[in-house]
Amino acid sequence: MDIFLPCLYSFAACLGYCLRVNLRGRKMVLASLGGAIGWLFYLLFSFTGYELLQYFAGSVAITVYAEVMARVNKTPVTGFLLVSMLPMVPGGGIYHTMEYAVLGDIDAFIRTGLYTFAIAAALAIGMLVVSSPVRLVRNWKNRKEGIRLP
Amino acid sequence: MDYNELAKVGAELGSLLIQYGAEIYRAEESMVRLFAAYGAQESQVFALTTCINVTVFKPGGEPVTRISRVQIRTFDLDKIDRLNDLCRRACAQYIPLWRLERALKRIEMGKVFSRPLQAAGLAGVAFAFALFFGGGLEEAAVSGLTGLAIFAIQELLNPFRPNLFFSTLLQSLCIGVLCIGGSYLLPGFQRDIAIIGAVMNLVPGIAITSFIRDLLSGDYLSGALRFMESMIVAGAIALGVGIVLFLTQLF
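Protein chains in written order, with this note's numbering: chain D, 1 to 150; chain Z, 1 to 251.
Taking CB as the label site, the calculated pair distances span: (1) Tyr50/D <-> Pro59/Z: 55 to 63 Å; (2) Ile110/D <-> Thr74/Z: 29 to 37 Å; (3) Tyr94/Z <-> Tyr115/D: 50 to 58 Å; (4) Glu108/Z <-> Val29/D: 20 to 28 Å; (5) Gly25/D <-> Gly134/Z: 30 to 38 Å; (6) Pro59/Z <-> Leu136/D: 28 to 36 Å; (7) Thr74/Z <-> Gly25/D: 18 to 26 Å.
Just so you know, the hints here were simulated from the structure itself, not pulled from any lab data.
Using N, Cα and C, we set each Cβ at its ideal position, and we do this for glycine too.
Can you make the complete structure from the sequences, with help from the hints?
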C-alpha cells in the first residue's frame, strides 16, 4: 500500500499540471501515467539505500516511457517529459535550502543546496543517458536526408 | 520564392516554439528543416531562450537575416504539438508562405483550458503534492487553497506584465500567509508539508533539470540563462515564504 498511494498522488499531481500546461486528451492521461511510473521506479530502487540512484532510475524510466509514447502518438517528447518529471523535481530540497538560508544556518544551507543540486544532476543525467542515443540516430537520419544542423 | 518572407515566417515559427516552452534544439531543427524544404541554399540559425537569429542564403548566395526577440515564455504543450505538426507538413509538401503564416497565427490564437479548469489544475497540483509528501487532509486542503490564490494573483497581475521575480514573490508571500495562518488555526498542522506542496506550483522544476541538460549537451549559453532564471525564481520563493516565517518569529 505504501507503493500504491504515492504513485496515485503523483498521477493526480501530474493530471493537475496538465491543465496548466495545456496538454490535452489522451496524452494527458498517458503523461500523468509516466509520473506514476517514474515514482514507482524510484520506490523499487529503494533497496539500494542510495537516494541519488533512485532518482536516476526514475528519470531513466520516465525518459524511456516518454520517448516510446512520443513515437506512438507522433508528438514531441517535450510534453511527456515535462509533465512526467514533475514528481521527481526536488521541491522539498529547494524549500529547505531557502529555509536554512533565511534562518541563517549556513552549514545546513550549503549541505542541502548541494544535495538538491546533486538530485537535479542525477535526473538530468538519467534523461541524457536515454535521449542522447535517440538524438544520435535522429542526427544520422537527418544527415542522410542532407540536412545539416547547427 | 520571397526569401525575406521565408526568413520572417521561419523566425516566427522558431520564436513561437520557444515561447511555448520547446527545447532549443527543437526550435533550431524545425527552422533549418523548413528553410531547406523551401529551397534556401544554406541557412544558419542560432536560438537562445530569449532571442533567435536566422540567416537564410538565397540560391545566388545573398544572405537574408532576421532577429526576433522572445519576450514572454509560458508552457503550452498543445501549441508545441501543433507547430511541430505544421512544420512537418510544410516540409513534406509545399504550403504557400502566406498560408503558413496564417496557420501560425491560428495556432497562436488556439484554445487553452478555461480559467476554472486552470485554477482547479493549480489547486490539484498543490493538493496532491501535500498528500504525496506525507501530509493529511488538512495540509492538502490548505495547500490546495493556495493553488487557487496563486491563480487569482496570476490573473490579477497579468495585464500589468509583471516580471518573473515580482510575481513569484507575491505568490510565495501568499503561500506563506495561508500555510502559516493554517498552522495557527488548526492544531497539529504540519506547516512544512503544506508549504512544500504549495511551492511545487512555483518551483522552476523543469528549468532546474533542463539547464543541466542544456549544459551537458553543449548549449552552454541557454543553460546559463536557464540557470539564472531558476535561481531568480528560487530566490523569490525563498524571500516570499521567508519574510512570513521571519515575521512569525518576531511576534
